[in-house]
Amino acid sequence: MRNLWALTLREWKAFWYSPIAYVVGTVFLLLQGFVFWFLMNVLNDPRVDPSFNMSQLFFGTVWYWFSILVMAPLLTMRTFSEEKRTGSIEILLSAPVTEWQVVLSKFLGAWLSYCTFWLATGIYFLVLRRYTPIDWAPVLTGYGCTALLGAVFIAFGVWASSLTRNQIIAGFVTFVLILLLFSMGLLTIFLTGPESKKAMQYISMLDHIRDFSKGILDTRPIVFYLSLTVAALVLTIRTIASPRWRS
Amino acid sequence: MTAPAIQTRDLTKRYEATTALDRVSFEVQPGEIMGFLGPNGAGKTTAMRILTGMLSPTSGTAQIEGLDVETESLATRRRLGYLPENISLYPELRVEEFLAYRAAIKGVPGHQRRARVTESVERCSLGDVRRKLIGRLSKGYRQRVGLADGLIGHPSILILDEPTVGLDPHQIRQTRELIKELGKNTTILLSTHILPEVEMLCHRVTIISRGRIVAVDTPDNLRRRLTGSGAFRVELKGDTAAAQQALSQLPGVANVHRRDEAGGFTLFGLEAQGGTDVREAIFRLAVERHWTLRELAKDQASLEDVFIQLTTKESE
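Protein sequences, first through last, are from chains A and B. At position 162 of the first sequence the residue is numbered 162 (our numbering), and the sequence of numbers has no breaks. Heads up: take any position in the second sequence, counting from 1, add 1000, and you land on our numbering.
Treat the hints as calculated values from the structure; they're not laboratory data. Any given hint could turn out to be false.
What the hints assert, rightly or not - Quick list of in silico lysine to aspartate or glutamate cross-link-like pairs, EDC-like style, CA-CA up to 20 Å:
hint	chain 1	residue 1	chain 2	residue 2
1	B	K1298	B	E1261
2	A	K13	B	E1199
3	A	K13	B	E1097
4	B	K1237	B	D1220
5	A	K13	B	E1122
6	B	K1184	B	D1010
7	B	K1180	B	D1220
8	A	K13	A	E82
9	B	K1184	B	D1168
Claimed, not checked - Only part of the chain B face toward chain A is listed, based on derived beta-carbon distances under 8 Å:
hint	residue
10	R1023
11	F1026
12	A1104
13	Y1141
14	P1169
Said to hold, decoys possible - A few chain A residues that face chain B, going by a derived Cβ cut-off under 8 Å, partial list only:
hint	residue
15	L7
16	A14
17	A95
18	T98
19	G193
20	P194
The structure displayed is predicted, hence computed values, not measured ones. Note that CB positions come from ideal geometry on N, CA and C, so glycine has one too.
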């Protein structure tokens, strides 16, 4: 446990000591600031039905997906690629740490950074609270779903990073992988059979975030996301344990 | 009887086309400084990476203090400090920050870490750069940070892969002194392709060439065995006794022995002194005496060949 903590702290620091953190942070907060401004305009429009759920305008928008899909590769592309390229992986793996500690720490470091960015947007809701009553449940479930989604995307990003020593390739592969994962949910549009539609809805991230931002807490997507995360991390552990990877 | 600090048995590592290590067996006794000497590409780094758990061998076993490096990897890694060749550290961290992190993952308890960092910093003379970013340090300093990292977990064995490569002469001297100092209470396996380094630091030397162990001895004995000697093989048809007599009288030849006989040909082994190449003399003798010569060669991969490669490397 102590090892895991020390390793995670190092990953966390490595990210915040890098210029990527500030570039990503700035772009992310600008985007979310725009979303907030947009949300304020909608709320101020007298034609809008006051009973609608405002957190839907925050979670699940185009900008929301854009920022998650772009942020995950940027946060994870260096995790293994960089250490493999520079060779520092050698001192990491010759230390008395297990492979799962190494992988989990890289995942946690990136995921905690991701959560930090999102937590910063909590300010918007605190500001809003001064002007309008807020139903906190949908906000919290919205953040919860965002954290889970991020876990999936970041786990896949860490895996992609373990596959190459080139950060750009790692980032791009991550982007394509998570875009595919996200797009699978869109296939529901083309399906006509009620059974197959139901099955696809189970993996449709768009539907999940819509439910969560309404305050609906469904355990099925939670299980789905957690299993995907674990699967990607297990793949990463297998990758770095393989003799080919180490030679 | 305590277990050897390091022991390998028939350690073999094969890649698709090449054999990096071929049945390598050696032992390092506790407290010893063992030199691992060989030209570049001989398999030194491969062997060290197997010992540190970075690579797994194709076959054979390696043990650290009696524990297998594969099945008890974590326990063996706890006993080791490792300085890789061309060490790469985290450039964004400060020296003391990095060492504290390394102490943590090597299991040094929290309340001892500060003291341990200070101790390592002092032993490796890093006091001036303690608070500097690793990325800003010169190669020599980075090497010493790597060494400080190796020491920080108080390992009983240090594995140093070419610790003086790429350093300037002043830094080389400092590093060698430090290694000598460390060797007083730590077992050290040190790889190098520089012969004088071995003579300066090591109690014993393992010479490795093309993945095989060529010799294991003390530096003094090796020098004695090596000075100017060379081995040749001659296979000829003629009066065996007379041939042996004539060959041994050639200038520079120290010893002639019969190795094999087949189809009227006799295979002789020759040892020459003073680095003389006796092949030309043998050829002339054969012509003069009307011997049929079937083979005349210098014994390849001899200790001497390795030695020549090593001694010429120091000047580069």
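Q | Hints not upheld, ascending by number | A | Hints 2, 4, 5, 6, 9, 10, 11, 13, 14, 19, 20 are the ones this structure does not satisfy, whereas the remaining hints hold.
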